[in-house]
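Working from the sequences, and respecting the hints, build out all of it.
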Amino acid sequence: MRRREGTARKVPRGGAATPERRRVLGAVDLALAALLLFMVWGALPARWWPVDTIGTLLALLLGAAGVGFVQGAPWARRVGIAAGAVTLGVGLVLVTALALTVSHVAGLYGPVGQGGALILFTVALLVLPYLVALPAAQLWVLARSDDPKAPR
Amino acid sequence: MTRRLLARLLGGWALATLVACVAVWSWSRIDPGPMPSHATGRWALAALDAARLGREPPAPPADAASFRATGPVVVIAWWRGRAIARHVGTESLVDTVEAASRAFASDEDVTGLAGWSLPEGDPQAVAHTVTVHRGEGPVWLGVPFVESLGVVPRKEGLRVTVDGRDAWITPEELLAQGFYDRGVETPLPDLSFGVPIDRLVDRLAREIGSEAADVRERGTVRRFRADTIAKGTWPRKVEVTEAALREAAVEGARFLLRHQRVDGSYTYIYSGRAGGPRPDAYNMPRHAGTTYFLAQVDRLHGMPEARAGARRALGWILRHHVRRCGSPESWCVEMHGHVEMGSSALAALAAAEYLAGGDDPEIRRMLDGLTAFMRSMQREDGEMMHEYDLRNDRPVDVQYLYYSGETAFALLRAHAVTGDERDLAVARKLMRHLTGAGWDFLGSRYYYGEEHWTCIAAAEASDRIEMPEALDFCGRWAAFNREVQYREGETPWPASGAYGVGPLVVPRLTPVASRTEAFISTHEMARRAGHDTTELRAQVERGLGMLLRWRWDPGPTHLFADPEGAHGGLPGSPVELEVRNDYVQHAASAMIRWADFLERERTRD
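For the record, the sequence lines run as chains A and B. Residues 1 to 152 in my numbering are what the first sequence spells out, letter by letter. Residues 153 to 757 in my numbering are what the second sequence spells out, letter by letter.
Hints in this document: simulated from the structure, not taken from any laboratory. Take the hints with a grain of salt, since some may be wrong.
Unchecked claim - Where chain B lies over chain A, by a calculated footprint (3+ residues, C-beta under 8 Å): (1) 88-96; (2) 99-109; (3) 137-143.
Virtual Cβ for every residue (Gly too), placed ideally from N, Cα, C.
What follows is the structure in structure tokens.
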């Protein structure tokens with residue numbers, strides 16, 4: 001459908017999320033925080049301080065951003081960007097580490113085969129949506145547009 | 153942060169990860185260097201033997217002098233499964249063989265051994281191996297799990313260098329000393345994999361007068377790919393023919409009989425390294441299963457000594473382990489104070505198979521008692537109760553892996569021998585439960601247990617029970633397994649025909665054997681029903697090819713304390729030197745049954 005000449009876009013640009021969007025972001029961040037806490041303290045069979053600490057701090061950061069978004073707090077955007085950036089960073093490092101490990105093992109053993117591909121795919125399914133796709137989407141929504149006229 | 157920056161960041165990350173993956177893959181890879189010709193390999197072993205026996209060594213073939221390995225050639229002298237001397241030479245095979253010959257012949261600790269002067273071909277003579285270096289690669293240390301996978305089993309050894317001094321351990325030595333599949337131990341021994349890299353580095357460091365800490369500080373650890381020239385070639389490429397299968401099955405039976413005790417019990421786990429039994433708790437279902445195979449090989453091939461062995465084994469159960477469970481007519485098999493259905497079912501199966509080859513009143517009585525017990529353990533829905541509480545004299549309604557399938561098969565074999573319709577009725581109800589409602593849930597098309605006994609029982613039932621769902625179930629299970637059956641080149645090892653989901657874990661041979669037994673049964677059912685069996689037949693023969701390839705015929709004789717005692721055995725995997733009695737039972741039973749099928753097919757044509 002063609003946009004009519006002279007009609008202004010209603011979609012808010014970079015960083016100026018509507019109350020509905022803020023609530024969605026808040027719900028996603030709170031759900032992700034709860035999931036992370038459950039994975040670290042409920043699902044993992046052993047305690048290992050680097051994973052426990054990073055996982056818990058990440059969950060707290062996401063939880064804070066979630067609460068901020070839901071309440072419409074003025075600091076929510078800043079904390080949301082920080083939470084998204086940290087989560088994305090952890091996700092990218094994790095995916096890269098997995099990919100490098102698979103490359104190393106494939107170099108050693110030859111074709112990693114169906115099983116290896118299945119395991120990698122499963123891990124990617126577990127990691128990518130929560131630690132890469134969602135934080136990247138959050139940053140995208142909260143980031144400023146590259147249009148210098150966009151509201152800040 | 154702006155959106156453009158975010159997009160650039162993600163794009164840059166994806167590209168950098170991709171480039172890094174390619175770089176790591178190239179860094180980890182070893183392109184194997186050359187191997188000497190077969191003639192040169194034969195010359196090397198002959199020259200070493202000649203030196204041992206004080207004879208003039210043969211002249212090397214024309215191409216031998218120019219052969220250069222990618223690293224040092226290692227010659228090892230073995231006696232009774234142990235490395236008694238080793239010589240790490242140069243890249244020149246001829247120079248290394250000559251130098252090793254001189255070094256060994258001048259070492260009194262070696263020449264003083266009883267095996268040193270025994271003639272070639274004597275199983276107790278000192279044997280040599282020549283390991284040819286074919287390339288090196290890095291080991292990724294410090295990353296748990298990944299570092300344990302850093303050496304490809306049977307293909308690679310380890311080299312530690314500190315201050316210009318090298319220590320080497322070859323793939324043959326790693327196998328001989330049981331280092332493979334010990335890196336990451338899991339609660340299930342069959343799922344252990346990798347090598348204990350820390351222990352190996354520590355050990356190699358000590359060999360050159362250093363410590364593991366020195367290696368980490370100023371040394372290097374590398375893996376090297378190598379192939380070994382030896383008389384006892386293992387694995388051995390064998391074509392799947394009726395003759396090869398019969399020979400292998402008979403030699404399997406001879407292996408079991410050779411290690412059967414006078415009282416009728418078997419060596420439960422035979423250690424090729426020790427040349428005798430490895431202490432372990434005895435297992436009654438496996439005793440009975442082994443006995444079933446011995447009776448079967450006599451029935452299908454004609455092997456009276458196997459039948460006699462089966463009789464001794466049944467006598468051992470009768471004398472020591474038969475109890476009354478419930479009524480006086482109801483007999484069960486007890487072991488370590490427990491009565492479990494698997495022991496009774498497989499004992500009944502062995503008894504029925506034995507009676508199929510000729511009558512024996514005592515064994516017939518035993519079979520009647522055991523089938524009465526099995527019938528009394530059925531639930532309303534057809535499932536069996538798998539335990540019996542001797543103290544309180546009542547069944548315990550628990551279920552374990554395999555036991556229901558074993559019970560169904562035992563009852564059907566018993567019915568074929570005794571004609572007791574009560575056995576058939578119980579088996580019918582049980583089979584319907586196992587192949588119908590018993591395996592019907594969301595996801596049941598994508599996930600299966602070890603169903604070999606169920607499908608063997610289904611084929612046994614197919615001439616007496618109308619049960620299309622059983623063929624459907626077993627056909628689906630076979631098709632599922634075809635998807636995870638390795639083809640040529642899918643693992644680093646010659647493992648075509650094995651089952652697995654990735655090359656990191658060395659394929660186990662027992663699942664190949666037991667599933668092949670089941671697929672032979674499924675093939676039989678499918679043929680009877682007029683279905684196309686081309687894929688099933690290829691699947692069965694790939695599995696049999698795997699078993700023939702890895703059985704000890706004669707196996708890696710230099711790693712055995714008693715090569716004659718080990719002949720005909722089949723270990724649990726290509727990196728094991730131990731044989732449990734049921735490893736041979738399942739493999740040899742599959743072999744003799746397929747040989748029997750090929751014979752029937754041939755004679756019909």
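Sort out which numbered hints this structure fails and list those numbers smallest first.
Hints that this structure does not satisfy do not exist here, as all of them hold.
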